[in-house]
Amino acid sequence: MTQRSPLYQLHDGLGARFTDFGGWEMPVRYGAVLDEHRAVRNHVGWFDVSHLGRFTCRGAGAVPTLSRLFSNNVDKLEPGRTHYTMMLNENGGVLDDLLIWRWEDDEFWVLPNAANHDMVLAAVAGEPDVEVEDLRPTTVMIAVQGPKGPETLAEIVGGAPKRFGTTRLDIDGDEIAMAGTGYTGERGGELVVPLSRADSIAEQLTSVGAVPCGLAARDTLRLEAGLPLWGQDLDPEHTPLEAGLGFAVDWDHDFVGKTALETQRDNGLARHLVGFRLADRGIPREGYPMRTPDGAEGIVTSGNVSPMIDDAIGMGYLSPIHHRDEIEIEIRGRWVPARRASPPFHR
Amino acid sequence: MDIREDLEYTREHEWIRREDDGSLTVGITDYAQDQLGDVVFVEVRPVETDVTAGDMIAEVESTKSVAEVYSPVAGKILNVNENLMEQPELVNSDPYGDGWFAGIAVDGEIDDSGWLSPEEYKDLTE
Numbered sequence: 358m359t360q361r362s363p364l365y366q367l368h369d370g371l372g373a374r375f376t377d378f379g380g381w382e383m384p385v386r387y388g389a390v391l392d393e394h395r396a397v398r399n400h401v402g403w404f405d406v407s408h409l410g411r412f413t414c415r416g417a418g419a420v421p422t423l424s425r426l427f428s429n430n431v432d433k434l435e436p437g438r439t440h441y442t443m444m445l446n447e448n449g450g451v452l453d454d455l456l457i458w459r460w461e462d463d464e465f466w467v468l469p470n471a472a473n474h475d476m477v478l479a480a481v482a483g484e485p486d487v488e489v490e491d492l493r494p495t496t497v498m499i500a501v502q503g504p505k506g507p508e509t510l511a512e513i514v515g516g517a518p519k520r521f522g523t524t525r526l527d528i529d530g531d532e533i534a535m536a537g538t539g540y541t542g543e544r545g546g547e548l549v550v551p552l553s554r555a556d557s558i559a560e561q562l563t564s565v566g567a568v569p570c571g572l573a574a575r576d577t578l579r580l581e582a583g584l585p586l587w588g589q590d591l592d593p594e595h596t597p598l599e600a601g602l603g604f605a606v607d608w609d610h611d612f613v614g615k616t617a618l619e620t621q622r623d624n625g626l627a628r629h630l631v632g633f634r635l636a637d638r639g640i641p642r643e644g645y646p647m648r649t650p651d652g653a654e655g656i657v658t659s660g661n662v663s664p665m666i667d668d669a670i671g672m673g674y675l676s677p678i679h680h681r682d683e684i685e686i687e688i689r690g691r692w693v694p695a696r697r698a699s700p701p702f703h704r
Numbered sequence: 014m015d016i017r018e019d020l021e022y023t024r025e026h027e028w029i030r031r032e033d034d035g036s037l038t039v040g041i042t043d044y045a046q047d048q049l050g051d052v053v054f055v056e057v058r059p060v061e062t063d064v065t066a067g068d069m070i071a072e073v074e075s076t077k078s079v080a081e082v083y084s085p086v087a088g089k090i091l092n093v094n095e096n097l098m099e100q101p102e103l104v105n106s107d108p109y110g111d112g113w114f115a116g117i118a119v120d121g122e123i124d125d126s127g128w129l130s131p132e133e134y135k136d137l138t139e
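Taken in sequence, the protein lines are chains V and X.
So for the first sequence, this note's numbering puts the first residue at 358; every next one is plus one.
So for the second sequence, this note's numbering puts the first residue at 14; every next one is plus one.
Just chain X, same shape as in the assembly:
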C-alpha cells in the first residue's frame, strides 16, 4: 500500500497536502481507493461552499459501495477536480495525484490535532 511521506492523513482515509499558499488539497488514500474498488462516480460540493471540519465535501461511488469524503478543517472550497466528473477512475489510478478531490481555503488556524502522520496512518491500515 502506497503511503506518501510528504502528506498527512485522517482516520477516514483522506490525505491532506499543505500548499505554499496556505490552502489544503484533499484526496482519498491508496488504501481507501483499494477498499472501494472501481470508482464509477464522484460528486464534489461546489467551489465557494463553506465547510466546517467533518463536513462532507464529496461522495465517491464504486461498483461496491458509496463513501463520503470529509473536510479536515473549517474553511471554504477553493477549487475542485473537475476531471473526476468524466474520469472517476483517476481516483483508482492516481489517488495522490490526478485523483485529488478539492482544495480548501482554511478559515483561521489549522486544527491538525486529529490528523495522522504517515507512520500513524500506516499503523491504522495494518
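Bound-form chain V, shown alone:
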C-alpha cells in the first residue's frame, strides 16, 4: 500500500507532482527541477523526506547491537553526533546505508533508507536488551539545505545544528530534533518534527523564501555531490570498499560482513565505483555500459546532467585494470567519451 506524507495536502497546494518512492507517494517536483536544484546550491530549499526510515534504539543492548549490525563503530560516536554507516550481509554486500544519531550513551536514532526501514528495524528489535520505537507514524522529516540553510533554521526553529551534530529544541512544548546532515552536499540540516507542528514548519520555511524541492532535485543534487543512492550505486552485490566508502567501515570492532571485507581488502578489489564527466553530448543513465581504452568494463549506476556545470556526469562500477582517465559510455549504441572525475562535480 502506498503511503502519503502528512504534508501531502500542503504539497498539493504548492502545485507538487508526485511519484512513488520506496512505497511512498512523495513530491517529485513543484516547478522546474533545475530551478529547485539551483535554489539549493545558491540559496536554500526544503524537502519533505518523511518517507525516510527513522526509529529509536534504547537500552543496555543498544551499543553492542548497533556495533555488531553496522560497519561503523558506534562506540566511537559521541553523544550529540551522527555518523554514516552500513548494514552488510555476510559477503560484505550493502543491505542498507544509513545514519545513526547518538543522543545519550544508550539512546540512538537509526535512519535507514525508506525501502529498508522495516528490515533494519526488525533486525535491531530482534537483539537482546534493546527497545525500539518507530518514529515514522508520529513525525515528519524535513531537510533544509543550501548556503542559507543554517540561518533559515535559526529563523524558523531558533537554532541550527553543527555539521554532523545533533540538537533538540523545544518549541511551545513540541520537541524538534535536528542533525547537521543532508543529501545535497550543502549546509543546513534535517529536522524530525511532531505531526502537530509539521504544517506550520513547512509553511514558515516557504514563507521565508526556502524553495520547496522534490525528489528529482534531491537526486540531481546528491549525484552532483557524489553521494551514492542505495538501490542504484549501492546494493547487496557491492561492498562499501568497492563503493569507495571505506570511511564508513571501522576495523576496530566485530560486525556482520567484516571477514568478507578483510578478504577483499587483502586480495584487492575486482571493481570500484568511479565518477565521470561526459566530454560530449548525451546523458548517461543507469545500466549503460562503460569501458576504457585499456580494456576495463563496467556499468553506469547513476547519471544525469549537472545543472551547475552544464555537463553530464555519472558514476558506475568499473573493473580496476584501467590506468588512464579516459572512459567511454555507450549511450544507445554510440560510445561517448568521458573523463574520470572525482565528486563533488560542481566544485
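These are computed hints drawn from the structure, not numbers from a lab.
It should be emphasised that the depicted structure is a prediction, and the values quoted were computed from it without experimental measurement.
A virtual CB, placed ideally from N, CA and C, is assigned to each residue, including glycine.
Hints should not be assumed to be uniformly reliable.
Stated by the list, open to error - The following residues of chain V were derived to be distant from chain X, with all beta-carbon distances above 12 Å:
#, residue
1, R361
2, E382
3, A417
4, R438
5, E508
6, L552
7, G601
8, D609
9, D623
10, L626
11, R634
12, A698
13, R704
As the list claims (entries may be wrong) - Chain V is faced by these chain X residues, among others (derived, beta-carbon under 7 Å):
#, residue
14, G50
15, D51
16, V53
17, F54
18, E74
19, T76
Once you've looked at the hints, dock chain X against the given chain V.
What follows is chain X alone, placed relative to chain V:
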C-alpha cells in the same frame, strides 16, 4: 494543458503543422514536455536525412528520462531547430513555437490516416 486548434497530432505526442510550401513542421506537445520535465539536451538528425514514417528524427533528454521523436511521414529533413542545441529549455517554455524540432519535406502524398485532430488528441491526454 495547451492544445492548439491549428495543429495536428500523433499518438506519440508530436504536433504537426502543414506549411504553405507543403512541408511539415514537427515538435512535441505541451503535454509531452510536461511529462518529460526539464529538457536538458536535444539531438535532431541532420538536414538532408531521408526518413520514413515512424523513423526517429530526434532524441530528447530530460532530467527524468529520454524520449524519441518520430517522423509522421516519409520524406527528407529540410531544416532543424539549431537553437535547441544551446537552449534545450525552449522545448519546455515554448513547445509550439521556438521549441519546434524539424521541418520535413514530404515524399509523395501525405498519409495522415494515423494523425489526430486537436479534439482526438485532447481525448488521448485526458
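How the hints compare with the structure:
{"no.": "1", "hint": "R361", "verdict": "holds, 21 Å"}
{"no.": "2", "hint": "E382", "verdict": "holds, 17 Å"}
{"no.": "3", "hint": "A417", "verdict": "holds, 48 Å"}
{"no.": "4", "hint": "R438", "verdict": "holds, 34 Å"}
{"no.": "5", "hint": "E508", "verdict": "holds, 28 Å"}
{"no.": "6", "hint": "L552", "verdict": "holds, 31 Å"}
{"no.": "7", "hint": "G601", "verdict": "holds, 25 Å"}
{"no.": "8", "hint": "D609", "verdict": "holds, 42 Å"}
{"no.": "9", "hint": "D623", "verdict": "holds, 41 Å"}
{"no.": "10", "hint": "L626", "verdict": "holds, 32 Å"}
{"no.": "11", "hint": "R634", "verdict": "holds, 15 Å"}
{"no.": "12", "hint": "A698", "verdict": "holds, 18 Å"}
{"no.": "13", "hint": "R704", "verdict": "holds, 20 Å"}
{"no.": "14", "hint": "G50", "verdict": "holds, 6 Å"}
{"no.": "15", "hint": "D51", "verdict": "holds, 5 Å"}
{"no.": "16", "hint": "V53", "verdict": "holds, 4 Å"}
{"no.": "17", "hint": "F54", "verdict": "holds, 6 Å"}
{"no.": "18", "hint": "E74", "verdict": "holds, 4 Å"}
{"no.": "19", "hint": "T76", "verdict": "holds, 5 Å"}
Checked against the numbered hints listed earlier, the structure breaks none of them; every hint is satisfied.
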